[in-house]
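> Chain by chain, the residues run as shown.
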Amino acid sequence: MNYSETISRDLAAVREKRPLVHNITNFVVMNLTANALLALGASPIMAHAIEELEDLIRIASALVLNIGTLDAAWIASMEKAAVDASKRGIPIVLDPVGAGASRFRTATALALIHEGRPAIVRGNASEIMALDGAEGATKGVDSTQGSDAAEDAARSLARSAQCVVVVSGAVDFLTDGTAAVRLSGGSPLAPLVSGMGCTASALLGAFAAVAPSPFDAAAAGMGVMKTAAELAAAKASGPGAFQVHFLDALHSLCPADLSSRLKIGEAPAL
Amino acid sequence: MNYSETISRDLAAVREKRPLVHNITNFVVMNLTANALLALGASPIMAHAIEELEDLIRIASALVLNIGTLDAAWIASMEKAAVDASKRGIPIVLDPVGAGASRFRTATALALIHEGRPAIVRGNASEIMALDGAEGATKGVDSTQGSDAAEDAARSLARSAQCVVVVSGAVDFLTDGTAAVRLSGGSPLAPLVSGMGCTASALLGAFAAVAPSPFDAAAAGMGVMKTAAELAAAKASGPGAFQVHFLDALHSLCPADLSSRLKIGEAPAL
Amino acid sequence: MNYSETISRDLAAVREKRPLVHNITNFVVMNLTANALLALGASPIMAHAIEELEDLIRIASALVLNIGTLDAAWIASMEKAAVDASKRGIPIVLDPVGAGASRFRTATALALIHEGRPAIVRGNASEIMALDGAEGATKGVDSTQGSDAAEDAARSLARSAQCVVVVSGAVDFLTDGTAAVRLSGGSPLAPLVSGMGCTASALLGAFAAVAPSPFDAAAAGMGVMKTAAELAAAKASGPGAFQVHFLDALHSLCPADLSSRLKIGEAPAL
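Residue numbers (the working numbering), protein chains in the order written: chain A, 1 to 270; chain B, 1001 to 1270; chain C, 2001 to 2270.
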């Protein structure tokens, strides 16, 4: 099967199984990511109280950790959830928002990688380079690095953390440390909507719950994001309408959309 | 008067009096519920600091408590607000999000019922059954039970908690333990928007501030939700556009919309 | 240059420099204000952890403090950020949401003015009057005072706090204590969208990062808000669509929009 077919298969699985995706995420994007998971066909829950994590992780099919508005109390919740999910074999997606912008974020993201052994880490170029110990200066939560420059860091991080790493940007790069693909397409309006990267991470959680491998899940999540963004951009003249149409596109997305629009290619293995 | 007339009367009262609805609610839905209250004609405030609850409850006309992203600090705020509002005779609406999914949520919701004596408790079938001690397994925050199966639990909870209980779903069920009504209509797009149940609870707060009785308030809130959802669905092809049109419909809703669309009927009293 | 020209100049500067605006703001509006900053052309970050504020303030071009859902922990973060930003000469915008509605809010806002010496304070009439010690009773977070009645309070507060004070309402009033202008226009749909005042404060932060003076920044921020609101209202029939079109209008706003729509005039200096 080609990627268009595997993504269609995994999208159908999300819609059929409606996996419960547990999110401990940031305040800015909670609403959008919940709506994106619902539009895709998954079932989101947002919960962070230490007292209930054990009960809730037991019924979850994936865990998404996002450090966008982290503080000490939320980090403790993320760490407990990561350990619980790891013990149960529930796939974890980590979104290291702003890693590199503060030492606190970089250290928290690295601790969560160590404790939770995530299946997928998704960030922008600056964030992935910061996690790999590179010198990329991060400016806030928006990347200051081109996606190309981060490919080496992504491969290196994927090997050391034994996970799939996704660098999202104008061109997305996905790697498990050996195999790698690049996805292009999408829309320049996407980075003008707050939380589209976080939304990608949330969708990766839904796909990680059903796909045969984290690599398949990463390709499905990013492929769906790019395709839905293109469909939305075709109808929207600005970022406000784009967000509305993006949710509608997630809901209506079908195999024909993927087969006609997906721009994906293998990157040379190193 | 029939329900269409009482709901129109109570909607006019909300728009005239603009009741201040104090919300201690979850992070995911704060923005949507504030917008829904504004679109309806009410005045929302979201505040949770223990230090200011006394000042703020003094000027509130209703209190909405929602445990969607609860933790120990927020529970303490909800409990203080519940006690303060109860003392002042300000109607309380409780949304027991995810009751049954964790013991922590079930216990918190029951404590708030005990301490605050809410006028209205609104949940989905799983949540209401969990509060009534039934065996309904809750999957995350989305109901796994049909609305019908929860009607007995709703009547039982309404009697023991001496309040109106609303079970929302494809068909809403409202009861004070004796009288009961069912509302149908709405749209299948509504459950694909995060926080529509929470939005219903917020609107119930606005109506509880002005309606002659909690039962009237419950009928008005749920009737307006169903009607606005139908109006929105007539214009929307997906959940993104649906949310936009839903807010517009709340703003423009008029008696003719209610009289032409409301599908409500008495359920047999037990 | 007239105001239309200075605002166009400052808008171009925001789009060219993409200033990083650090927000410690309330849960209700985080998403909307982040989206508004992105649509305008700025780069938002929302972060509140004490542990990382020093790192983040170092890379910020402006700091926006908003007490809409304050509590003790967040106040501590706001105070540290205010002191750090003040030391570094980074302009601070304060939004004293609900000042006057609780003594806690009034005291917090006054403390932040004292500690941070903000460049701009923006509130509604009730809030500004509360900060100036006036008798205006605040009802929740929506103003109960006409903008006119607050002009004296604004001038007085601007002098005592040595900052620019903006009273927003149907007519906005801007003053540095001596010079003053009034802006009309906008749309009656704007107050039906939660967080439009907070959005104004966020945009003031972006303009404060690039404009020659806080007064210019205030005129630019409020002028852009009024103009984008008019453009949005021309396309929207309700508050849901208005919010969508407002973000699109921020994105597409051009000098011709400002020159044709801006309704601004000097108020007599006192």
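It should be emphasised that the hints constitute simulated quantities derived from the structure, not laboratory data.
Source: prediction; values computed, not measured.
Ideal Cβ positions, reconstructed from N, Cα and C, are used throughout, including at glycine.
Hints are not guaranteed to be accurate.
[Stated by the list, open to error] One-sided excerpt, in silico: chain A residues whose CB lies under 8 Å from chain B:
{"hint": "1", "residue": "Ala49"}
{"hint": "2", "residue": "Glu230"}
{"hint": "3", "residue": "Leu231"}
[To be verified] Here are the simulated PhoX-like pairs of lysine-lysine, each with C-alpha atoms no more than 20 Å apart in a straight line:
{"hint": "4", "chain 1": "A", "residue 1": "Lys235", "chain 2": "C", "residue 2": "Lys2235"}
{"hint": "5", "chain 1": "C", "residue 1": "Lys2263", "chain 2": "B", "residue 2": "Lys1235"}
{"hint": "6", "chain 1": "A", "residue 1": "Lys235", "chain 2": "B", "residue 2": "Lys1263"}
> State for each hint whether it applies.
How the hints compare with the structure:
Of the supplied interface hints, the one on Ala49 (chain A) holds, with its beta-carbon coming within about 4 Å of a beta-carbon of chain B, less than 8 Å. Given the 8 Å rule on beta carbons, the hint for Glu230 (chain A) is violated: about 15 Å separates it from the nearest Cβ of chain B. The closest approach between the C-beta of Leu231 (chain A) and any C-beta of chain B is roughly 11 Å, which is over the 8 Å cut-off, so the hint fails. A C-alpha spacing of about 16 Å is found between Lys235 (chain A) and Lys2235 (chain C), which places the hinted pair at or below 20 Å, so the restraint holds.
A threshold of 20 Å between alpha carbons decides the hint, and for Lys2263 (chain C) with Lys1235 (chain B) the separation of about 35 Å lies outside it, so the pair is violated. Restraint check for Lys235 (chain A) and Lys1263 (chain B): the C-alpha separation of about 35 Å exceeds 20 Å, so the hint is violated.
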